[in-house]
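Student: Here are the chains, one letter per residue:
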Amino acid sequence: MPFFGFRGGVHPDYNKGATSGKPIEVMPVKEGALYGVPLAQHIGAPAKPLVAKNQEVKAGELIGQAAGFISANIHAPVSGRVVALQSLPHPVSGKTAGIIIEASGEQDEILPVNVSEKFQETVLNAGIVGLGGATFPSNVKLSPPKKVDTLLLNGAECEPYLTCDHRLMLEKTEEIIKGADLIRRALNIENLIIGIEENKADALEAFGKFASSYKFELVPLEVKYPQGGEKQLIKACLNRTVPEGMLPLEVGVIVHNVGTCLAVYDAVENKKPLIERVVTVTGAVKEPKNLLVRVGTPVQDIIDYCGGFLGEPRKVVMGGPMMGFALSNLDVPMMKGTSGILVFREEDLPDLKQCNCIRCGRCVDVCPMGLIPSVMDRFVVREMYESLADWHVMNCIECGCCSYDCPSRRNLAGGFKTSKREVMKVLKAREAEKNG
Amino acid sequence: MTAAILTMLSTGFVAGLGLMIASKKFHVEKDPRIEQVGNLLPAANCGGCGFPGCAALAESIVQGKSAPNACPVLGAESAKEIAALLGLELGSNVKKVARVRCKGGRTEAPEKYDYYGPKDCHSVNMLAGGNKLCSYGCLGEGSCVKACGFDAMYMDENRLPVIIEEKCTSCGMCVKACPRSIITIIEQDKPFVVACMSKDKGGDVKKACSVGCIGCKLCAKNCPVTAIQVDNFLAVIDPDICINCGKCEEVCPTKAIKKF
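If you read the sequences in order, they're chains A and B.
Numbering-wise, the first sequence is residues 19 to 454 according to the working numbering.
Numbering-wise, the second sequence is residues 299 to 558 according to the working numbering.
Keep in mind that the hints were calculated from the coordinates and are not lab data.
Being a predicted model, the structure only gives us computed values, none of them experimental.
Keep in mind that the hints are not guaranteed to be accurate.
Subject to a maximum C-alpha distance of 27 Å in a straight line, what follows is the list of computed DSSO-like cross-link-like pairs (lysine-lysine) [stated by the list, open to error]:
(1) A:196 <-> A:253
(2) B:497 <-> A:113
(3) B:410 <-> A:438
(4) B:488 <-> A:113
(5) B:410 <-> B:499
(6) B:474 <-> A:438
(7) B:488 <-> B:557
(8) B:394 <-> B:557
(9) B:545 <-> B:519
(10) B:474 <-> B:488
(11) B:515 <-> B:545
(12) A:304 <-> B:410
(13) B:519 <-> A:333
(14) A:113 <-> B:474
(15) A:333 <-> B:515
(16) B:499 <-> A:71
(17) B:519 <-> B:474
Required output: the full structure, derived from the provided sequences and hints.
Tutor: In structure tokens:
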């Protein structure tokens, strides 16, 4: 299989050493601990709550019903009692509706998922969303309206620090492949390609053993951020370019994260709903770990389980350092899309003082989408959202390469991210005008 | 030489004749009052009235579609002149001003994170619901001040906007610029305003801000004319009923009611 690569990208310090050799550890459920389960852990409409206050729930019980086509089911992560239905802190929107469950002493049983004849329905019942971070409901992605010829498995894990997918690929190799095989058979896809970055040689070796028996192609990927971006991965492995504003489906490809495939396998074969996931806890914590954590566990509890902070924490990030969100509150619960919890001290952080743009063009060189961040930044600062729309800000994948490479430390990607909502309004107004 | 002069003269004559006929034939009767009213308007073309500019408003006033005092910027004197010109009666014309319904600046309302992005309130508001614990109050980046076309606003040291009422023309540009709609346009002779927008429960408000309305209803109970309603843990004074007695400001335990 040839490797085509993609334009742009950066080479940050990967810093994966602290956790890449550590096996996944299960974080036990503590009796009496509070689990805050947000109803919006995915892209799309928030789930509709199905429980009332003081109701007893079992782990795996459906507590939030998918509301609408693009939505996902939410299951109780632990057995216990519903203490309250109230708003929970959220790293992106500030606040979100949620259900708080107090864990009881008995946690042995997990209610099985309703396995239906139809593969997609089982995935919907299990509440599976894309576990790479974007949290797009998987059942929607697995119901393609067009013919798909390639299933691409994303094992790049290009974000620095994170090792959760790496560990999964080592410890659950066959299960991941079986999950991918399930998807392949259900959708009648000919090709299965698994892409893994070259810095995970042990994972490449582990998958290589199964290549002939399961008939897939294993592609070692160049070590470059954002190799794991959906569009970048398709370009690198298949040399196909996803058209502007379209999904990978347009070029006959579905991309799934390795964690999602494992969740699909667990749902179909083991009837297990998506109530826990692996999180990499690293940075300035006493014992960095790869933890299997129940959804809804507060970040504070996870950090305590890892021995607490090392030194004085300055910044706690949920997700990877390039695309994650800084937390303002340690009560934020773990969600389905949380791949990492990173703690930084003052001395770990770079100087964030912004200077003026010197027009060096480094951001243009590194942008994997071929945008011009330096010009777009001026529109962000002046709130010129019409112009921003004309310069294709909606194509920005928010990977943060431009901000990473900027010698003036300008907050480029962050500005595009926050401007997108205003730009959406502009685009909608234009659409309305066009349609009269 | 002569031929040239004759050609020029005849061309000029024919063209002039054409123009004369056109001006007679296509003559449009324009109300002279539109121009007169237009001259009395401020000619700032701020758009505060909702029309594209002063000329459009002048036309609307003469046609009777807008009131003579429809221009929010205009002083009472000029409004009277317009009314006299058109022979109309003028209703009450108390000056209106913009007022900020939030007292939670840097010292009163704690911030939940350090913000490094573009210096405008919309950007902060989109990042995890703003950088203050209170999700209703002023964000302190000064988008309203930038929007003010009359130099009537500034940010104080506590990062709260202050309106200079003498300069304020109540054009409403700051109201539109605020992502949290904390600025209101109100008659200047009603000084008492509940300077809080928080619809959270009392306990949550106390955590987020030391000068927020906790919905205790003390003001409503003490108001002699029942001008105060408390809905969603937030007191609102009805300026049409308020008699400016100041009782509510006295009893408010968090000093969320402010006298402007």
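Student: If a hint holds in the structure, say so; if it does not, say that too.
Tutor: Evaluation of the provided hints:
Proposed proximity of residue 196 of chain A and residue 253 of chain A is supported: the alpha carbons are some 25 Å apart, at most 27 Å. Of the pairs offered as hints, the one joining residue 497 of chain B and residue 113 of chain A holds, with about 14 Å between alpha carbons and a cut-off of 27 Å not exceeded. Note on residue 410 of chain B and residue 438 of chain A: the hinted pairing holds, with a Cα-Cα distance of about 23 Å set against a maximum of 27 Å. Simply put, residue 488 of chain B and residue 113 of chain A have alpha-carbon atoms about 35 Å apart, too far for the 27 Å limit, and the pair is violated.
For the suggested pair residue 410 of chain B and residue 499 of chain B, the alpha carbons sit about 19 Å apart, so the restraint of at most 27 Å is met. Between residue 474 of chain B and residue 438 of chain A the CA atoms are separated by roughly 19 Å; this keeps the pair inside 27 Å, and the hint holds. The hinted pair formed by residue 488 of chain B and residue 557 of chain B meets the criterion: a straight-line CA distance of about 9 Å does not exceed 27 Å. Using a Cα cut-off of 27 Å, the hinted pair residue 394 of chain B and residue 557 of chain B holds, with the two alpha carbons roughly 16 Å apart.
Between residue 545 of chain B and residue 519 of chain B the CA atoms are separated by roughly 10 Å; this keeps the pair inside 27 Å, and the hint holds. About 22 Å separates the Cα atoms of residue 474 of chain B and residue 488 of chain B, which keeps this hinted pair within 27 Å; it holds. Note on residue 515 of chain B and residue 545 of chain B: the hinted pairing holds, with a Cα-Cα distance of about 13 Å set against a maximum of 27 Å. Restraint check: the Cα-Cα separation between residue 304 of chain A and residue 410 of chain B comes to about 25 Å, which is no more than 27 Å; the hinted pair holds.
Restraint check: the Cα-Cα separation between residue 519 of chain B and residue 333 of chain A comes to about 46 Å, which exceeds 27 Å; the hinted pair is violated. Pair hint residue 113 of chain A plus residue 474 of chain B holds up; C-alpha atoms about 24 Å apart against a cutoff of 27 Å. A threshold of 27 Å between alpha carbons decides the hint, and for residue 333 of chain A with residue 515 of chain B the separation of about 40 Å lies outside it, so the pair is violated. Our distance criterion of 27 Å between C-alpha atoms is met by residue 499 of chain B and residue 71 of chain A, whose separation comes to about 19 Å.
The hinted pair formed by residue 519 of chain B and residue 474 of chain B fails the criterion: a straight-line CA distance of about 33 Å is larger than 27 Å.
Comparing the model with each numbered hint stated earlier shows that hints 4, 13, 15 and 17 do not hold.
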